[in-house]
Each structure stands twice: as C-alpha cells, then as structure tokens.
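Each protein sequence line maps, in turn, to chains A and B. According to the working numbering, the first sequence is numbered sequentially starting from 1. According to the working numbering, the second sequence is numbered sequentially starting from 214.
A few of these clues could be false.
Quick list of simulated restraints, FRET-style, between CB atoms [what the hints assert, rightly or not]:
#1 A:203 x B:416: 26 to 32 Å
#2 A:123 x B:385: 49 to 55 Å
#3 A:160 x B:420: 42 to 48 Å
#4 B:334 x A:110: 46 to 52 Å
#5 B:255 x A:133: 18 to 24 Å
With the Cβ distance kept under 7 Å, some of the chain A side facing chain B (calculated, not the full set) [said to hold, decoys possible]:
#6 58
#7 59
#8 61
#9 66
#10 70
#11 95
#12 158
Computed footprint of chain B on chain A, listed as stretches where at least three residues anywhere in the stretch have a Cβ under 8 Å from a Cβ of chain B [to be verified]:
#13 159–173
#14 188–197
Hints listed in this document are in silico derivations from the structure and should not be mistaken for laboratory results. Using N, Cα and C, we set each Cβ at its ideal position, and we do this for glycine too.
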Amino acid sequence: MGNAFIAVLMGLPMTLLVTVVAFAIGAIGGIPIMLGLRLRFAPLALLFRFAVDLIRGIPPIVWLFLIYFGVQIGAVRLSAFTAAVIGLGIISSAYLAEIYRGGYSTLPKGQLEAAHALGLGRATTFLRILTPQAMRTSLPSITTYLMSLIKDSSIASTIGVMDMVFLSNQFARQNPTTSGIVPFFIAALVYLIVSIPVAVLSRRLDARMSRNA
Amino acid sequence: MDLAQYLPRLGQGLAVSLQLTVISVVIGYVLGTLLALGVSSRRPWLHWPCLVVVEFGRGIPALVVLYMVYFGLPSFGVLLENFAAAAAGLTFTVAAYSSEMIRGGIASVPKGQREAADALGLAPATTFVRVILPQGLRSSIPALMGLAIMSFQGTSLAYSISVAELMSQAYQVSTITFQYLSVYGVTGLIFAAISVPLTWLSVGVEKRLARGAR
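Using the sequences and the hints, build the whole thing.
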C-alpha cells in the first residue's frame, strides 16, 4: 500500500505539468479564436464557430493519437509529452474561446455605448472597458474548465506520458499480488485532493464577484 | 488497405460505441435522478452518502473509474467482461454528472408550484412525480443533451480496457495499415459527424426552452 502510494505520487508532477502547459496553450490560443467568433463578417465568424464545434466534437483520446502517431516532422515523431500538451492545448483553446466569448456576450450594451459617448476608440473600449469585465464574469467558468482539464490530462497516459494513471497501470502490472484496484484508488483520491484547492478558489471567486456585482 | 476496406471495421466499432452510450445514458440518468433525490433529501443518512457518490463520480477521471472497475472488481470476486466493465464505469460517471444537472433543474422549479399542489390537496409523492419532476427535467434537458454527447465521446476511453469500440477499431486498423493520420482523422470525423449536429440541436432546444420560459 505504501509502495503503491509512492509509485502513484511520482506521477503527480507530470499530471500537473501536462495540465498547466495545456491550459497555458489554451488560455492564449483561445484569444484569437474568441476574436474570430466575434467577427462582424458573418461567414467568417460562422467558419470559426464550425471549427470550434469540430474541435470539441472529437474526443481527446482521438486527438492525442492523431497527433502522436499521425504527425511527423521529417522522420521525427513528436514526444508523447509534446503531443499530449498540443492535443489538450488545441481542445482547451476551443473551450476557452467559447468561455471568453460568453463573458463578453453577457456585458450590458450600455458599456459599449457609454465608452463611445466618452469618445474612446474601438481598441481602447475593447481592451480597457469590455475585457476586464468579461474576464471577471468568465473566471468561474475558467476555473471549472481547469478542473475538468486536470482530469482529462489522465488521457495522456494512453500515449505513454508517465503521469499518475500511467504509473498506476505500471504498478498494477508489476505487482500482480497486490489488488489491481489499489494504485487506481490512490490515483483517484489524489485527483480529488488536487481539485479541492481549485474548487475552493472558484467558490471564493464566485462569492467575491457576486458581492461586487 | 484503403478507406473503403477499413471503413466497415470502424462502422462495427461505432455500433459498439453507440451501444455503450445508450446503456450509460439511460441507466445513468435514472440513477442520476435517484442520486439527485438523495442529495436533496434532508435526512443526513441519505444526503451524505449520495453527495459522496456524486462528488467522487464527478471528481475522478472517467479513465481512472474504468480502470478501477476493470482491475478492481475481480479482487472482490466480481468478474466483468470488458464491455460490461466499461458500461458500469461510464454509467457511474454519467449518473454523477447528470444528478447535479437534474438537481439544479428541480431546484429551479418555483416554490409556488409546490404550494399550489399542496393547496390542491395532492399527496407529496404525486406532487413530486407529476408536478415538480416534469418541470425540473424540462429545464435540464439542454444540459442532459450535452452530457449525452459527452458520454458518446467518453466511450472512446473504453479503448484503454480493450472494448472493441470505435477507438479500438481505429487503433487496430492503424497498426495494420500504418496510415495513422488518415485513420485517426476519419475516426475523429465520425465522432464529430455525430456530436456536432447534436450539439447544434441542443443549442436549438435551449433557445426554444428559454423562449417558452416564464
């Protein structure tokens, strides 16, 4: 039991690393996609909408296999880690773009009109007036997404990223005398424990925002 | 082996994926409703166990749940086939997620409905089943549709415990043909061809429900 605990916990840094890097890619990649979704030229905006829906319509495991086995640069294949963070990063970009867009769409129209009346330029209005408010309204959804991404990072184990699930599998295989459920049960508890701080943070943000609203 | 040759195999896999989806969604939503009732209950012996089940189901990655069922249950003397293990694991996850959606829907039914039913002399059970539940479920339909789409995609995780669903078939085909990019590309498009139109449908339903709401 103790051995299993240590074996599984060795994978925690990798689980967190995959999550953080994929989230960073998504947080940045989501910005241009969100701008695309907000385009006033409808055909192009629809194209972005279709791309976002398509990205989200393909399961993460298919994305990871597609990138890991399917993409070659010259004769070189991507490492499992690179493929995993790119795949999860692409998916995160689509989800976060949608969340960002939602943040803007809930803003009252008066904000835009007031900024215009004050003579602010379009860029200033967008960056200094709309964006800070949109960020605040979408923060709870962003933390919820981060929690689901921690769990989805487990899928990286299927292409050989040595995260908690990969090491649980390895432990189960190398220690057939120990019940197979033990390492996975430990991994499950660690996932629950890791998501608690994010859940607390999100609840706090939520409470603070509804107080300020 | 080209597309026309391996497409039937992917089709067989898709059929298994759809079976898994239907089983986990139908049983999951029924269990989810019961869990929602348990969590809403004021009796502590009912409330807390249901809450723990729901939070575990939502907090543990579906992949880990599958491994736990597959590797874990045999040590308790329960032997499940791969398909049954996958169905059980996915059902558990779906039940946990759906229960929160159903609970939210039930909570959104205005209090006046219950008071009116009481005033009409309906029994508490009748009030719940015939008055509260239908309205509550109605407002959680879009979320439950979204969850059904997610569970269809989630069936791809059953690959990890060797269920012959779409993803496993794609893997088999790709190791024979070495055409990784096209095989996984086609597989992704099959998933998307089912998920994306259903997503649009759920958005449409959501808009229509919003229009119909008081």
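Exercise. Any CB of chain B closer than 7 Å to the CB of residue 70 (chain A)?
Worked result: For residue 70 (chain A), the interface hint holds, since the closest Cβ of chain B sits about 4 Å away, which is under 7 Å.
Problem set entry | Satisfaction of the hinted span 42 to 48 Å by the C-beta atoms belonging to residue 160 (chain A) and residue 420 (chain B) | holds, 43 Å
For this session: Using 7 Å as the Cβ threshold, decide whether residue 59 (chain A) counts as touching chain B.
Result: OK, holds: residue 59 (chain A) within 7 Å of chain B, min 4 Å.
For this session: Given the range 46 to 52 Å, decide if the beta-carbon distance of residue 334 (chain B) to residue 110 (chain A) lies inside it.
Result: Since the Cβ atoms of residue 334 (chain B) and residue 110 (chain A) sit about 49 Å apart, the hinted range of 46 to 52 Å holds.
Exercise. Falls inside 18 to 24 Å, the C-beta gap from residue 255 (chain B) to residue 133 (chain A)?
Worked result: violated, 39 Å
Problem set entry | chain B contact restraint on residue 61 (chain A) - CB to CB distance below 7 Å | holds, 5 Å
Exercise. Holds or violated: is the Cβ of residue 58 (chain A) closer than 7 Å to a Cβ in chain B?
Worked result: Holds, about 4 Å.
Exercise. In terms of beta carbon proximity below 8 Å, does the region 188–197 of chain A have 3 or more residues touching chain B?
Worked result: holds (count 4)
For this session: Please verify that hint: residue 158 (chain A), Cβ, nearest Cβ of chain B, below 7 Å or not.
Result: Holds. Min distance 6 Å.
Problem set entry | Cβ separation of residue 203 (chain A) and residue 416 (chain B), checked against the hinted range 26 to 32 Å | This hint holds: roughly 28 Å between Cβ atoms.
Exercise. Regarding residue 123 (chain A) and residue 385 (chain B), is the given constraint of 49 to 55 Å on their beta-carbon distance met?
Worked result: Hint holds: Cβ distance 53 Å, inside 49 to 55 Å.
Exercise. Should the interface hint for residue 66 (chain A) be scored as holding, given a Cβ-Cβ cut-off of 7 Å against chain B?
Worked result: holds, 4 Å
Of the hints listed earlier, those the structure fails to meet are numbers 5, 11, in rising order.
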